[in-house]
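2 protein chains.
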Amino acid sequence: MDAKTLELIILPAGVIAILFALYLARDVLRRDQGTTEMQDVAGTIFEGAVAFIRRQYSTIAILALLGALIIGGVITTFETKAVADTDIYGIDLGARTGIAFLVGAACSMASGIIGMYISVRSNVRTASAAQRSLVEAVQVAMRGGAVSGFLVVSLSLLGVYLMFVAFGGFDHPAQAPFLIVGYGFGASFVALFAQLGGGIYTKAADVGSDLVGKVEAGIPEDDPRNAGVVADLVGDNVGDCAGRGADLFESTAAENIGAMILGVGVYAIALQAGWPNPEAWIFFPLVVRAFGLLSTILAIFFVRGREDENPMNMLNRGYWVTTGLSVIGLAITTNVMMQTAGQTGANGLPTWVFFFGAGVVGLATSVAFVYITQYYTAGSFRPVREIAEASRTGPATNIIAGTAVGYETTFATAVTIGIALFMSHWLGDQAGLVDANGRNVGGVFGTAVATMGMLMTTAYILAMDTFGPITDNAGGIAEFSRAEQGAREITDRLDAVGNTTKALTKGYAIASASLAAFLLFSAYIDKVNLILGRQIAAGKEGVQLMTSVNLADVSVFIAALLAAMLVYFFSSLAIRAVGTTAQSIIVEVRRQFREMPGIMDYSVRPDYARVVDITTAAALRQMVAPGLVAVGAPIIVGVLLGYQAVAGMLMVGTIAGVLLATVLNNGGGAWDNGKKYIEAGHLVDGSGNVIGKKTEAHAAAVVGDTVGDPFKDTAGPSLHVLVKLLATITLVLAPLFIR
Amino acid sequence: MDAKTLELIILPAGVIAILFALYLARDVLRRDQGTTEMQDVAGTIFEGAVAFIRRQYSTIAILALLGALIIGGVITTFETKAVADTDIYGIDLGARTGIAFLVGAACSMASGIIGMYISVRSNVRTASAAQRSLVEAVQVAMRGGAVSGFLVVSLSLLGVYLMFVAFGGFDHPAQAPFLIVGYGFGASFVALFAQLGGGIYTKAADVGSDLVGKVEAGIPEDDPRNAGVVADLVGDNVGDCAGRGADLFESTAAENIGAMILGVGVYAIALQAGWPNPEAWIFFPLVVRAFGLLSTILAIFFVRGREDENPMNMLNRGYWVTTGLSVIGLAITTNVMMQTAGQTGANGLPTWVFFFGAGVVGLATSVAFVYITQYYTAGSFRPVREIAEASRTGPATNIIAGTAVGYETTFATAVTIGIALFMSHWLGDQAGLVDANGRNVGGVFGTAVATMGMLMTTAYILAMDTFGPITDNAGGIAEFSRAEQGAREITDRLDAVGNTTKALTKGYAIASASLAAFLLFSAYIDKVNLILGRQIAAGKEGVQLMTSVNLADVSVFIAALLAAMLVYFFSSLAIRAVGTTAQSIIVEVRRQFREMPGIMDYSVRPDYARVVDITTAAALRQMVAPGLVAVGAPIIVGVLLGYQAVAGMLMVGTIAGVLLATVLNNGGGAWDNGKKYIEAGHLVDGSGNVIGKKTEAHAAAVVGDTVGDPFKDTAGPSLHVLVKLLATITLVLAPLFIR
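So the protein lines, in turn, are chains A and B.
Using the working numbering, the final residue of the first sequence is 789, and nothing's skipped along the way.
Using the working numbering, the final residue of the second sequence is 789, and nothing's skipped along the way.
Treat the hints as calculated values from the structure; they're not laboratory data.
Fair warning: there could be bad hints in the mix.
List of simulated lysine-lysine pairs, BS3-like, C-alpha gap at most 25 Å [claimed, not checked]:
id: 1; chain 1: B; residue 1: K744; chain 2: A; residue 2: K264
id: 2; chain 1: B; residue 1: K744; chain 2: A; residue 2: K744
id: 3; chain 1: A; residue 1: K744; chain 2: B; residue 2: K264
Source: prediction; values computed, not measured.
Can you make the complete structure from the sequences, with help from the hints?
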């Protein structure tokens, strides 16, 4: 088999994955919808979710349209100026970038909307299945989640591929990757607002309805008398499902394009050396991801088990199948596509072997992150125990312990990423890819292959992630509709597993963002040098290619300082937005309690929809400020301090963002499970008596849990998106920063 | 006047400052010591402080001795290897560095010990003066604090000067600055352990005795029945006084040496161009600091006012006098010492004018930080109000609001530093300092001059800082000895002012650390190039001078990632150390309550000394782990990833450390004052009723205050030291990182 044949797999794999998603959707939708009470609640959640989605995505669509126009205009103006009136493409790059931006934005929105639609349809069916069987409930939730996973990944794959082909990828493979960077930016742009809006919504609804219900009115969590409770259930979907979907859509798209840009460098080497199918180095990321999709499809059938089994084991089984098949797919792809006509790397080993190794490093990194996240956020290990113990001396010590744990988690994160980057770079370095200027481009390409290896399992990870809000909702529906005890026990077990899978996905998103940083950053340098090279060719004086990002340059240092500040400032805005939005909910629920006194004795049904509406409006208003800061900061720095400074901003922003996201996500997760640890009765005093619910310690742990909410579900996940947005925005707007 | 004459000021200025400190000490010590009860408590505090100091500094002395031996050995081994057996000095550099290290460590310890000795002698005299007059109390506390300030700054100045002279500064001015880097490292080393040990002690004593006294036994804060209360009062001295003194001793020493190293570059230019007194460029930092000391001496006499005046105004008056006189001193120094024989900078302006401007930028930065810190941590502004308001819905919202405020403070910090660096660099760039290779060295030298300008006011700032623990203790003594109401009102007012001055000092320390980052980092490059240059001269192949710190290099990127992680991990260890130490206190106080039941009815006096002893031992044990991490991390990274990577670690570690310290210090300060805001009766509900002490809101604010304690007094200040330690350790151990 040769590379050309293998490239033919991309389109069918994407289409098959979509068809498979449709099959899963049909399978889920045709299932039993449970009791009338269940359908009633589920219907309300569905309506709320649709209302949010409609308002949010119309806002985002308008913003995206504006963005496309501005970007197109800017690029047309500055690209032309930067290349001194020489446009080697013979077409208007600004228009192309604007179109790519819109297509990326549209694909991201489509996958978010459809995925969430299925998710809010799966919840009630999971609740219903829980009345019969654990295994069936797991399968319904996982299949519902998988619809989202497959759609996100296949739309991203097909989108990049079709844009690449449409912009001349077959005829000019070395130019086309640069033309489609707008696609990644469009995806980031949507992801930023989807994650911010969804994250603010979900936690404001959670915190707001808890404060007014549990604290003020003294009624239990998820109680139907609380007018905010439906908004809370809707929130799980818009935050975890739509938000994370957009996040990983962006990751796969942007990192794929970045890897193709780096492939251009190897393409030039292959062309010169006369290797067969030089363009295979550019197509490589697409083919690898196609194999990843196929592996995931097979793995879905392995999500099965016994009734008495831990549901996490069933999900893990599928994950390991995905990973195992991905390794095989990686071996085939590297072996077939990385042909070097007999030239070898170090120790006489063929070139492809090194990149196969790099890809395995990427897969191993994702496995490592799954375990690190479990250690820090799951109930049975030291960090969570420490937080639970600290709750015994009150909320202050609980917060201090949780902060210490959150900070501590950066250690394993940074060391793992450091090792992964070092190894994949080192392997690539040995592979023997030296360009015409004697520069070894293999190292950076090695990190790109590692990233692509890691992203092979994205669809599966996303399916597990969406499993979270589906089971969470199923639990809420069971509670709300007063389902029988057996069903509620099953949904509780699934909910606990869902908490873990949601945390894992965040770890995965962080790992991919940091592994990709190096690749995206190198793509930026390639892009800048493309422009500078044209300036040099056009005879512009005093222009030199960019060879380094020199931190000892004062502009770069200042940009790095501002980048590290940006992640704190952005998080501050996001956290504060949750508080402000929660206030609107509190005011409204209070009003309903006051004006509709029948609510408390169940004789009057609260106006759930109105709370959903108010939360939606407030969350969308609140997402504007952090969103503008994120988009504006790199542009301002780039214009004021130049293209090298922006590169420094991108790199240090990535480092700072990834670590702060780790602190917020894992700290929040550990607080959450510290509370669950106490609720499960694991905390005992000196005499062996259980310190459980309704104790001072439990109250302290609830404080920690509440503090962690906006950390782990609003600011943390939004930071992932911010980091990748920095990469795509600089990649697209590079011409603006070159004088 | 010529530069040579002006250089003669250094020694006398240092000596005068020490004599003035002695005069102030005598003035304070001869004052009235108050009632017998006051003397009784003060005696116990004094004993506790001495016990802590004795144990801590003997531990540190042993560590320093070990450190000196290891450093000397390493440098002898690797410096020799690095220069291929060519030692241009003709003396053993390792031994010299080891000696410089020990002298730096000894001077730092001496200033810490003496300063604290006076501080714990001033507290009771301040309490006594408060019985008579506010102005007198302010003067006693400020003069007691000034002893510490003058000793720290003059010992640092004299130490650097004498080491410089002893190591051949008059004969070989271009070589000597490199020989004394060990002095800065010694100072950092002591500062790290002084700040860590003191910071852990003070907050463990505070949190521990509060939890066991207020929460468990239900007795008020600072109640004599609480066995931990003396440890708490001792803690204020060892943390704020000894810790911050060591921190700023290190700052002034290391930054002075760094500036002299950069001066070497200008010296070479001056020598070649035939400018008068080329060595003046190296002596410049010493002379500027001498003027700073003299300005501060005069300013102390301006700390006076009316009985009904806000004490902060009296302190501010002195601060403005110091700043004003410093500007004059700066003008004289730059004008006299920066003579260029008619060569001018941009627009035909003389060279010195640009550097005078850069120095003023530094002074202005310190003023800006004073106001930024006040805005974020003082009671009347938006951030503190926000936290107080959030307390109304409980501890969780209080913590969330405080976190948002803490993160937000990075904005003003980073923007101010960015502007200061940009302006001072830009000014220096215009000054016309171009070296033989056509490299403009003025920009970096401009940032060095800005740093030196900023450090002119250090003695005054430190005096204000030590004012904090003295007045805090005075308040405690007044409370403890049941002094009359009038005296207690005065000490309360002074205590509030002391809280502000302590916060200001931290802001100042952060600003100086970040402004100096660029200078210390450039000094590191100069040092590396000195070694590489010798390797090149010795004919070693493949060696090139270091011209950039390239973030696009994978090793540099990994080092940067690890550096940003280090600041979180280190903070995690420091915060956790407070918790562990506090546990030992709780156990001991509980034991005393149990075994000595007479304590509760005042018939038995608790064993204060034993708690002090236990806290001391535990704090010193707990400081080892974070200390080793801080010292070990840069060494490991340097050895594994090389000298360029370490440079990346240094720069990104500085950025990350400065910002996290800002978050922790200001967040903690805002929480503290959020509580005070409520206690002062400023928080009102919808109907205008005051929500004061003993409300739910107040309880929530107390949680925030307790959380902020280890942030602002342990982890935050320790991070300042960590950042500067990174700079000195890499500067000294550079030979180890070059293969």
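Structure-based check of each hint:
1. K744(B) <-> K264(A): Satisfied, since the Cα-Cα distance of roughly 22 Å is no more than 25 Å.
2. K744(B) <-> K744(A): Given that 25 Å is the threshold and the Cα spacing comes to 22 Å, the pair holds.
3. K744(A) <-> K264(B): Judged against 25 Å, a Cα distance of about 22 Å means the pair holds.
Taken one by one, the earlier hints all hold for this structure without exception.
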